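Here is what each chain is made of, one letter per residue.
2 protein chains.
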Amino acid sequence: MKALQVDRARSAIPVRPDLQRSAMRIAAGFALTKPAFGTVPSDQILECPRRIRRNAQQTISGIQMEFIENRTFDEINVGDTALLERTLTEQDIRLFAVMSGDINPAHVDPEYAMSSRFREVIGHGMWSGALISTVLGTVFPGPGTIYLGQNLRFRRPVKVGDTITVKVTAKEKTEKGNVVLDTECVNQDGEVVVSGSAEVIAPTEKVRRP
Amino acid sequence: MKALQVDRARSAIPVRPDLQRSAMRIAAGFALTKPAFGTVPSDQILECPRRIRRNAQQTISGIQMEFIENRTFDEINVGDTALLERTLTEQDIRLFAVMSGDINPAHVDPEYAMSSRFREVIGHGMWSGALISTVLGTVFPGPGTIYLGQNLRFRRPVKVGDTITVKVTAKEKTEKGNVVLDTECVNQDGEVVVSGSAEVIAPTEKVRRP
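Chains as they are written, first to last, in the numbering used here: chain A, 1 to 210; chain B, 1 to 210.
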């Protein structure tokens, strides 16, 4: 029974050049070569070319800021927390399916999903995982972070329209210079949908840009 | 120092309706409401509307198949393996950045990346994580699988052009009816880039479609 499904991944499927072209257009349109730093929802990223993002004012602890920055190892204190809020849309699910190839009908087929355990379409578990990596890579600790590991427990489904708050909290600074962070996603009802922890090498050099 | 960055995630950034519309078009174009089952690279998904996919022949162990199916708990044997092969493209990185909001310059800014530890742009670690979830959700065990948890260790960077083989192997069937699977991503040089394990509730009902 070993490796029964090996060749599935290589099955030849007819090409649809029109859809392929449209995917290339999408990708080309996003112009992400000079991004701003900071945690912003992806729908906002789509709206922010370099020029605008550079001028965007960031608010930290209620203070208007005109720069964005990472948090170096030395600047990180156990207990520091970063939050990111996102509402799951059908578009998010479609983008995840296209990006990953995960077209599990629980995520993309409403008819199938109705008959499933959750009675409706649910988001990919790894969508929440991706949001955690977004916080780590863009804000806390941010640019310069090396991602070493991530543990995830998927505790509840995330449904279209659910607003997820990703909470990343520094838990431990190790002797080797790594940082362990609690990573939790909570929905609008306060229920934990994903729990777990991450381990990173935090940046040693400050990144701070106007 | 607690929750210093809370408000970053909610910073107001000017809207660019043109880019927003283009994102909506992308999402609308993919028509994923009636997907085929089976593990196919996302660039192939883009090319396969329902009609074509339904007729696509799948190859399993060298035998041409005209159906697609999941693997139920009873059908899973310890040692069974499923593979998925994908080559990382710049488009994959852009799509991941747009989907997740993770615009860490290590992934999307070649100039910044040149000066970083890896000397070039690297893929998001969670891209590999997403591919693992793709195997679990679409082929092995496939539709009906409930994803309970995932541990990931990011061991080496994945660069543009690297061909990653995702290998998912059933390791243990628990008394509670769950399945623990080894999940490993290996590059074209045979180096492990991601290791870890997943825990799922395997489907009890067979899904098999022409």
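Just so you know, the hints here were simulated from the structure itself, not pulled from any lab data.
Every value quoted in this text rests on a predicted model; they were computed, and no experiment measured them.
You may find that some hints are simply not true.
Note: identical chains are not told apart, hence a pair may lie in one copy or across any two.
[Said to hold, decoys possible] No more than 25 Å apart at the CA atoms, straight line, and that leaves these computed lysine to any residue pairs for SDA-like: (1) 176 / 190; (2) 171 / 151; (3) 173 / 195; (4) 159 / 171; (5) 171 / 197; (6) 173 / 151; (7) 176 / 151; (8) 171 / 75; (9) 173 / 111; (10) 206 / 112; (11) 159 / 175; (12) 173 / 69; (13) 159 / 90; (14) 173 / 120; (15) 171 / 155; (16) 159 / 192; (17) 171 / 90; (18) 173 / 161.
Going down the list of hints, with the structure as the test:
{"no.": "1", "hint": "176 / 190", "in the structure": "neither (35 Å within a copy, 28 Å between copies)"}
{"no.": "2", "hint": "171 / 151", "in the structure": "both (14 Å within a copy, 18 Å between copies)"}
{"no.": "3", "hint": "173 / 195", "in the structure": "both (20 Å within a copy, 23 Å between copies)"}
{"no.": "4", "hint": "159 / 171", "in the structure": "neither (29 Å within a copy, 30 Å between copies)"}
{"no.": "5", "hint": "171 / 197", "in the structure": "both (9 Å within a copy, 23 Å between copies)"}
{"no.": "6", "hint": "173 / 151", "in the structure": "both (17 Å within a copy, 20 Å between copies)"}
{"no.": "7", "hint": "176 / 151", "in the structure": "both (20 Å within a copy, 21 Å between copies)"}
{"no.": "8", "hint": "171 / 75", "in the structure": "within (14 Å within a copy, 41 Å between copies)"}
{"no.": "9", "hint": "173 / 111", "in the structure": "neither (47 Å within a copy, 30 Å between copies)"}
{"no.": "10", "hint": "206 / 112", "in the structure": "between (49 Å within a copy, 13 Å between copies)"}
{"no.": "11", "hint": "159 / 175", "in the structure": "neither (40 Å within a copy, 30 Å between copies)"}
{"no.": "12", "hint": "173 / 69", "in the structure": "within (20 Å within a copy, 46 Å between copies)"}
{"no.": "13", "hint": "159 / 90", "in the structure": "within (9 Å within a copy, 30 Å between copies)"}
{"no.": "14", "hint": "173 / 120", "in the structure": "neither (41 Å within a copy, 28 Å between copies)"}
{"no.": "15", "hint": "171 / 155", "in the structure": "both (21 Å within a copy, 22 Å between copies)"}
{"no.": "16", "hint": "159 / 192", "in the structure": "within (13 Å within a copy, 34 Å between copies)"}
{"no.": "17", "hint": "171 / 90", "in the structure": "neither (34 Å within a copy, 34 Å between copies)"}
{"no.": "18", "hint": "173 / 161", "in the structure": "neither (36 Å within a copy, 35 Å between copies)"}
Hint violations for this structure: numbers 1, 4, 9, 11, 14, 17 and 18, all remaining hints satisfied.
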